[in-house]
Amino acid sequence: MVDAPRDVLGPVAGEPAFDDHRPPRRDLVSDCVHCGFCLTTCPTYVLWGEEADSPRGRIHLMKQGLDGEPMTDSMVRHVDACLGCMACVTACPSGVRYDSLIEDTRAQVERRHPRKGRDRALREAIFALFPYPRRLRLLRGPLRAYQISGLQRLVARSGLLARLAPTLATLDSLAPRLRRVPRPPGRVPARGPRRAVVGMLTGCVQDAFFPDVNAATIRVLAAEGCDVVIPPGQGCCGALSVHNGREEQARGFARALIDRFERAGVDFVVVNAAGCGSSMKEYAELLRDDPYAERAAAFAAKVRDLSELLAGLGPAARRHPLPLTVAYHDACHLAHAQGVRAQPRALLAGIPGLEVREIADPEICCGSAGVWNILNPGPAAELGDRKASNVLATGASLLVTANPGCLMQVAAAVRRQGGAIALAHTAQVLDASIRGLPPSALLTPAG
Amino acid sequence: MALWTAATEADTVGGVPARFVAAPADTAEAAEVLRAAAAADLAVVVRGGGSKLDWGMPPRRLDLIVDTRNLTGVVEHAAGDLIVVVRAGTPLAGLGLGDQQLALDPVRPGATVGGTVAANTSGPRRLGYGTVRDLLIGITVVRPGGMVARAGGKVVKNVAGYDLGKLFTGSYGTLGLITECAFRLHPRPAAHALVVRTAPAEQIGALLAAVRAEQVVPAAVELDAPAEGPVTLAVLVEGTPAGVLDRAATLEKALGGQATDEFPPWWGAYPWTEAGMKLTAPLSRVPDLLSQGVALRGSAGTGVLYADVPVDDAPAVVERLRAAAIRAGGHGVVLTAPPGVRERVDMWGPVPGLELMRRVKDQFDPGHLFAPGRFVGGI
Amino acid sequence: MTVLDRLADVLRSGLGAGRVISDRQELRTYECDGLAHYKVTPGLVVLPRDAGECARTVRACVEANVPFVARGSGTGLSGGALPHADGVLIVTSKMRAIVEVAPDDERAVVEPGVINLHVTHAATPAGYYYAPDPSSQQICSIGGNVAENSGGAHCLKYGFTANHVTGAQVVTPAGDLVELGGRAPDAPGYDLLGAFVGSEGTLGIATRVTVRLTRLPESVRTLLAAFATTDQAGAATSAIIAAGVVPAAVEMMDALAIEAAEAAVACGYPAGAGAVLIVELDGPQAEVEAQFAQVTALCEGNGAFELRIAADPAQRALFWKGRKSAFAAVGRISPDYIVQDGVIPRTALPEVLHRIDEVSRAHGVRVANVFHAGDGNLHPLVLFDDGVPGQAERAEEVSGAIIDLCIEYGGSITGEHGVGMDKAKYMPRMFTADDLETMQLLRCAFDPAGLANPGKIFPTPRLCGEVPRRHKADEPRPAELF
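Chains as they are written, first to last, in the working numbering: chain B, 14 to 460; chain D, 92 to 470; chain V, 3 to 484.
Do not rely on the hints blindly, as some may be mistaken.
Label-pair distances were calculated between CB atoms; the ranges are [said to hold, decoys possible]: (1) V:Ala99 to B:Pro328: 42 to 52 Å; (2) B:Gly325 to D:Gln192: 57 to 67 Å; (3) D:Gly468 to V:Asn67: 36 to 46 Å; (4) D:Gly458 to V:Pro337: 51 to 61 Å; (5) B:Asp32 to V:Gly305: 51 to 61 Å; (6) D:Arg279 to V:Ala128: 30 to 40 Å; (7) D:Asp404 to V:Asn67: 52 to 62 Å; (8) V:Gly392 to D:Arg279: 52 to 62 Å; (9) B:Gly325 to V:Gly54: 50 to 60 Å.
With a cut-off of at most 30 Å between alpha-carbon atoms, the simulated DSSO-like pairs for lysine-lysine come out as follows [as the list claims (entries may be wrong)]: (10) B:Lys76 to V:Lys159; (11) V:Lys41 to V:Lys96; (12) V:Lys41 to B:Lys76; (13) D:Lys344 to V:Lys159.
For the record, the hints were derived by calculation from the structure and aren't laboratory data.
Idealized CB from N, CA, C, for every residue including glycine.
Required output: the full structure, derived from the provided sequences and hints.
So, in structure tokens, the structure goes:
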């Protein structure tokens, strides 16, 4: 303004960071008033305390890019470091659409920033593996990875296996859950009067590693009066891709999923993995200038998180007592990206004998964040440790959350700390209560 | 008219006689006096009610006493805004603010507002209302050399510029002459009650913790410990009649004491006869100051006790008490002592930040003409 | 190699590469604090981990005769942490250990980067909290609070940062570590701690702060009262104070501010209100009950058309959410805005609000009012669109006129945001040249070379009568400090 001292740095040579294809929107960037309310909710700011690793700082970097600064390694490093947990979106009083900004920025980075050797190989391997449920299923049991034909070489060369080792070891520790579960049938009828017809996303990680969760979800939905349609041959929803700037891959997945579910003719599309749900709710934006645009909007309008749907319907099936103390962990993509906080708590609180405890600093991400923990194992472990301490401090015997990534991440951290807590998805707790199972059915501690 | 008159025999500070006395009637006149004093290279001591002239060390040099007896009166009492502006020479007791009060306990009979600020005295209710630094919101001073300066203002909430009021609070007149002060006021409480309990010294720590554990918001937690024997605690609560009754009942239980509305006779009076010390400690360490064989009294609720130092054994007692305070994490300062004693004890003890304080003094009073030697480190 | 390049090398080798930022884009992210229209890219950013590193950084600056500016969370609203282009920005956000919580002493000891609200979180299990609560308490740092003498909604009853800081370890502008005050009260000598708090980083950097913890109140009652006009709300405020009640907080928002808060956080304030008051009483149960009845009656007597009493902590939080997010929320109803911070005597409130309204109309600039009504601390939000030529200038004029009103009515140009860069120009309107000269004596005592946050608070720096030390080739190199 009038007497303001001016910047003394001159312009720098080099191509501006962003091209014209969906750069971060300048109007959204200028919504940020620099108040800093996001800082303490940002996991990387909590870890490092540096401005460029905060939402406010990243938005500032985007602005610099829009003003002509080049896409430097340093800029990319700070964009990459974002977990995409969206806690800042919740915290922002000015309503800055950081979610949209970071997605657009990441897509630019992926297209315009040549990644180097190892980083590139690791990312290739991740995106050749995770979005494909069938390939993922082959990974169950750490050593089986070596036998995956085709993938074997790619995975070995990238160093992915080493990065995956702790996660796979954690999965091993969850062994009782990893028994073979029959593939779900194509349609499960409602028990009692039908209240809705819902299609269910089986997901990639959920399907491969937590088939029990899907089974419980189907049972709960049916018990609550839903016809459950499980379209066969579902692929990935594209969440991992879109959260990592792989826009084209994400669009492909989205179109395929829309095709599958349209044919099923359902009232709602139910999702039990927070990350998937949040990206499916945003299909309209992802496919906004695509021939699928209209269908994407119609599809997105039907997407519900499991807890959201159940809370909306209200309980029909009888809940049996489940004398348990549980800590409920907000998955970022449920709480921050979808604003779903009250519903899972209400569902849990509706179970007789069950006490829900809050975890300190609930807004801070556990460090899982899709594949962030594979790309950034060190900081992810630090965040996991913080979360694990807060979880253990509740004294609860069961940790409940609605995202497979969080379950694995927190389980690994709890194990590192020598603690013990059992883990379950919200669906499993409801299932146990509806079926009248004893608490012991849920209390197999991880680690 | 002459700016000052010849001093009389009574015009001494700590036994040092002055040559002249000036009694300016307003800030402008005071500025004129101090300009002339500086030109004449006169060493100056400010005198209010004279109630603490024997505090600190005697001045190394003294020519002119600036007496504030004509700088009196309330300049402005804005009741709706809960503030008062008052001239420095006004007696602290009996300000007459209706149903409002300046919540500074007059601990020295005859003390002026300016003297209270300059010596930073406080009484029992410092627990509830804070001390001068918490209540003073604006100040007008005349610097050595005669420049008039103001800081703060007439509104409670104000962060414009440095808070010189805090700097002058407790500065013993070594930085300049305070002529006017603005304070925030509090409503006078409708009711009060005290709960009194006498107990052996060993139990005092537990009793104080019990008071802290309650949520009764005491206005004062005072302690009176004779040189020998049991210690008395008196807790004051102020507020609405119903609220006070309720809290007093809670305290009766917590302390095993008796509620009353009578203040004990020792309330708010310093315990010494000739030589007095101020001992401070963190709250949990207040009990460590007890059982030193001297009479103690003061605000156990804020960690400030005063000691009656026996004159015949002063150097040893001062060292012992000071050591106890420092061990506890506080300080031990000799506020006043008769001439024979002053020379034999270290009045101030260790003063962290003394180097910075000297630089502050050098800036404000480069000629070291204001109360030279009365303050810490010979400032 | 420039002086700053050399200094960067020295600091990197002395403190470690991770503590020093010199990447152009990263530096730029520090170009402003919460007052974003002042921008200066710092020459260098250093993030010390502890007091020792902070002192070494300052000493290296002194040796190189380079100015330095301290920054906490960068949420200040007066440009107090605006960097110096040829200087070092010392950021305390990595110094965030809560060293000790000592409820028995009613104290906590924290590093400067610790977030205000985190002190309360740490003390709550023991039944205590940290009373000063600026609206940014979820993010502002204790070090920044000390520099600015931050207030907050509850300082009507509990006072400001200065009343709750009993000790600080400080790096002086010469690079020395000094203890001011402590855990016990009334340290002997000048109250340098009192002078330091609120000195806006011009007297040094706090590296460890001892704060007073306050016992949690037995009872808290919060009332939301809706009025048709700000006049009525102002009258209700005066009546409450006149009745001898000292509420923990009395906050007011006008219609435009309510609209913004509603858009941002859906706080659900009564529809159609021209002003709302949030009145909070806390303390012993019986006191609060008695006074709450009084306050309710006074609000009704002064025309409140709806009264809501928070039934539980969640509803209380919702009342406050609207108020505490109001500044940033204004971003929802206006592309740009200036947050003003001025103080008037409480009794002048209705009159000054009318004057502000006149100024606003005359300039065609909208003003939303949010304020701590209890202590007359106004926070007019002057709305404008930087994209429309001339609007920014008009907004600045309105903002300046409001400050003039504050001075005219015997108030202050800042109640809690500080003078910083933004208001240095107004200082001569509130203080005489002699006043300012006198204040700067203190600065000369601490910082004769004028290296600590130069250009802030005082429009005209005073020469301290000493030649600042200059770094010469034959003097010890800064590297030898390490």
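Each hint tested on the structure:
Between Ala99 of chain V and Pro328 of chain B, the C-beta spacing of about 47 Å keeps the proposed range 42 to 52 Å intact. The hinted range of 57 to 67 Å is satisfied by Gly325 of chain B and Gln192 of chain D, whose Cβ atoms lie roughly 59 Å apart. Take Gly468 of chain D and Asn67 of chain V: their Cβ atoms lie about 30 Å apart, and the range 36 to 46 Å is violated. At about 57 Å, the beta-carbon gap between Gly458 of chain D and Pro337 of chain V stays in the expected band of 51 to 61 Å.
The hinted window of 51 to 61 Å between Asp32 of chain B and Gly305 of chain V holds, with their beta carbons roughly 59 Å apart. In this structure, Arg279 of chain D and Ala128 of chain V meet the distance hint of 30 to 40 Å, their C-beta atoms being roughly 33 Å apart. Between Asp404 of chain D and Asn67 of chain V the C-beta distance comes to about 55 Å, which sits within the given range of 52 to 62 Å. A C-beta distance of roughly 53 Å is found between Gly392 of chain V and Arg279 of chain D, which places it inside the suggested range of 52 to 62 Å.
A hinted range of 50 to 60 Å holds for the C-beta pair Gly325 of chain B and Gly54 of chain V, which are about 57 Å apart. Taking the CA atoms of Lys76 of chain B and Lys159 of chain V, the gap is about 42 Å. The hint is violated against a cut of 30 Å. Under the criterion of a C-alpha separation no larger than 30 Å, the hint pairing Lys41 of chain V with Lys96 of chain V is consistent with the structure, at around 23 Å. Pair hint Lys41 of chain V plus Lys76 of chain B holds up; C-alpha atoms about 14 Å apart against a cutoff of 30 Å.
The suggested pairing of Lys344 of chain D with Lys159 of chain V holds, with an alpha-carbon distance near 28 Å, which does not exceed 30 Å.
The earlier numbered hints that this structure contradicts are 3 and 10.
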